[in-house]
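Using the sequences provided together with the hints, build the complete structure.
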Amino acid sequence: MDLISSLGVFPTSVPDWTNLKVLHRSTLPHRAHFYSYLSEDAALSFDREQSEFLSLNGTWKFHYDQSPFEAPLWETANVTSWADIEVPGMWQRQGYGIPHYTNIDYPFPVTPPNVSYINPTGSYWREFEVPQDWSEDQQIRLRFEGVDSAFHVWVNGVEVGYSQGSRNSHEFDITDYLTPGEANSLSARVYQWSDASYIEDQDQWWMSGLFRDVYLVPFPRSSIIDYFVNTEIDDSFESGTVKLNATVQGQPGTMTVKLLSPEGATLDKWSGSSSEVYTHRLQGEDLHLWSAETPTLYTVLVTFNGRTISQRVGIRRVEISGSNFLVNGKAITIYGVNRHEHHPISGRTVPYESMRADLITMKRSNINAIRTAHQPPRPDFFDIADELGFYVISEADLECHGFDKVGETREAMAEWTSQNPDWEDAYVDRAQALVERFKNHASVIIWSLGNECFYGKNLDAMARWIKQRDPSRITHYEPDREAESVDIYSQMYSTPESVVKFLSNHTDKPFILCEYAHAMGNGPGGLKEYIELFRSEPTIQGGLVWEWSNHGLLKKEGDIEYYAYGGDFGDEPNDADFIMDGLVLSDHSPMPSLIDYAKAIQPVTVKLSADGHQMIITNHYDFLGVTELDASWHVIQDGEVPTTPRVLEPPGIPAGEHRSVTLPTGNSSFPDEAWITIEFKLKNDKVWAEKGHVVAWDQLHLNAPVTTNQPHKTL
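Each residue of the sequence shown is one higher than the last, beginning at 1 in UniProt numbering.
Hints may be right or wrong, so weigh each one.
Below, computed lysine-lysine pairings styled on PhoX-like, alpha-carbon distance capped at 20 angstroms [as the list claims (entries may be wrong)]:
1) Lys681 / Lys607
2) Lys330 / Lys509
3) Lys528 / Lys501
4) Lys269 / Lys243
5) Lys467 / Lys599
6) Lys509 / Lys467
7) Lys405 / Lys528
8) Lys21 / Lys501
9) Lys528 / Lys467
10) Lys691 / Lys599
11) Lys243 / Lys467
12) Lys691 / Lys681
13) Lys457 / Lys467
Don't read these hints as lab results, they were simulated from the structure.
Next comes the structure, spelled out in structure tokens:
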């Protein structure tokens, strides 16, 4: 007898978590991620602790059950006897259930959209008080930044709503459920599996819970609830325009907008109706374009009804021109990585400091692009990407390649969800959640529909919605091999030869490798050949290594600690160590492969001319000149200490060009084997590295060792 039968509990209707017709109940529309402040000074801190914000992170009460129908009723639950659990967090990393790793297989019976009633369930409970200084005449919103995989919410014992979409935000208006001036109870029931799990089959650990921030934010009855900042640049790239369109709930009114320079000076102040579109043109010395190489950010302050919102803005233009995509008029090359959210202790609950450290390591390793594989990261990731300078392929929380195992052809596999009209709303909802949440970030240049969902009309519906909502960016989806719905061709793990063959009759659109150079074991290999291809074929605009980090989870057995992979927790079926395939280890310390990758993609290269008397220096930056760097050289001879580094003053070499320079050794002769090392270092401090950080280096062989013909000795 199964659990449900033994309990004698059967639902009278299809539960929300296995009902394809129910994606959300009583959730508010998707919107941009922002906080509101009571003053401009507070807004300029970009510190949410200074905003109108109440964190509900911390210790909650928790009850774990094997089925939603086994979970306690809120009306009779003795929550004081429950265990404590930390939020945000994955419950499998806090003693409940086990982490489960599969790359492709679904770890549950495949009968979409149905989910077994044997479905591990976590019930969360805590109390909170609304701050006394929050006006009673406000809308109080409850926001969850990430819940895996679906959940219901109650306030003071009354059901508020339901939502799903693990790595997306969920927001509820709980105003009418609150008791002012008293302790209020908040309850959430989280289901490990839901119909959404069929389209969240990413190559990562299956884990569950309230794994990102939970908090309250107040909105006045008349307030800005969303906004969209766009930038436009004319064809001369000498004039740029900042536009802001605000969405107001309640009564419209006067809105004030300030535009601040990167240094904080006021460039423009405007007051007008909140229904108007704010527009300001910048030119001359006031105009500084954003790119991954020059991540210059302006600040927009928007004040309405006593609340101020702050948004950093990068002015840049993204477009398709012929067979290239351009940033600020130039065909860029992507030297990227795929990044899953991972922490060796807390899983997908990633601390801010850990995330920022990762991105700084990437930047120091010459990486200029990140694909958010295969779902949205925590929202402040994009603030860091804007600041440090990364091109981001922002990917929807969508993958269903587990249907590989239940279909004979790709078309048959797509029929389960991607080509099935019953799933269209679920697909489009994930596109909407992605775009609305992150639309104001300069780093996002490409929207990706998802990963490995085959190809079908639901993906096309996503692409059409995105292009209508945000025509300022490019769309991407690798399984759309003929780019019928999206703007660029994309492939995974293709050899350089097969890429060249493909492009021989696909010359109308840009091409990238969204995954290549699998960094598992002693990989990645063949980097030199790939990078040479990227730099020699104009249509090929780079690629992103799979992947950034190993996903090992710290596990303790007795006195031994180690980083566990699939199967180490008794999880079956599993894909073993296939999750250990990063450029950094599970503790995020660099592997030798990261050093190799940084060398392969370095922005300046030096080669010896055919006659051996000249150095050919090539600048691989897309925008910067070599004069942004300090250069030096030294010689090392066989058996001797290297010479003291000397300053090298190469000519100004514009982006994408090369120059020949006489060897600085002059007429010096070297009787033994000798090499000259040329280094290029940061001339000034950056947010991500100090002055003197080496970004590129090469060694040139000055001569070969002298050999003499001597008879072999007989042993």
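A quick look at each hint next to the structure:
| no. | hint | result |
| --- | --- | --- |
| 1 | Lys681 / Lys607 | holds (18 angstroms) |
| 2 | Lys330 / Lys509 | holds (15 angstroms) |
| 3 | Lys528 / Lys501 | holds (19 angstroms) |
| 4 | Lys269 / Lys243 | holds (13 angstroms) |
| 5 | Lys467 / Lys599 | violated (37 angstroms) |
| 6 | Lys509 / Lys467 | holds (17 angstroms) |
| 7 | Lys405 / Lys528 | violated (35 angstroms) |
| 8 | Lys21 / Lys501 | violated (44 angstroms) |
| 9 | Lys528 / Lys467 | violated (36 angstroms) |
| 10 | Lys691 / Lys599 | holds (19 angstroms) |
| 11 | Lys243 / Lys467 | holds (18 angstroms) |
| 12 | Lys691 / Lys681 | holds (7 angstroms) |
| 13 | Lys457 / Lys467 | holds (15 angstroms) |
Consistency note: the structure conflicts with the earlier hints numbered 5, 7, 8 and 9.
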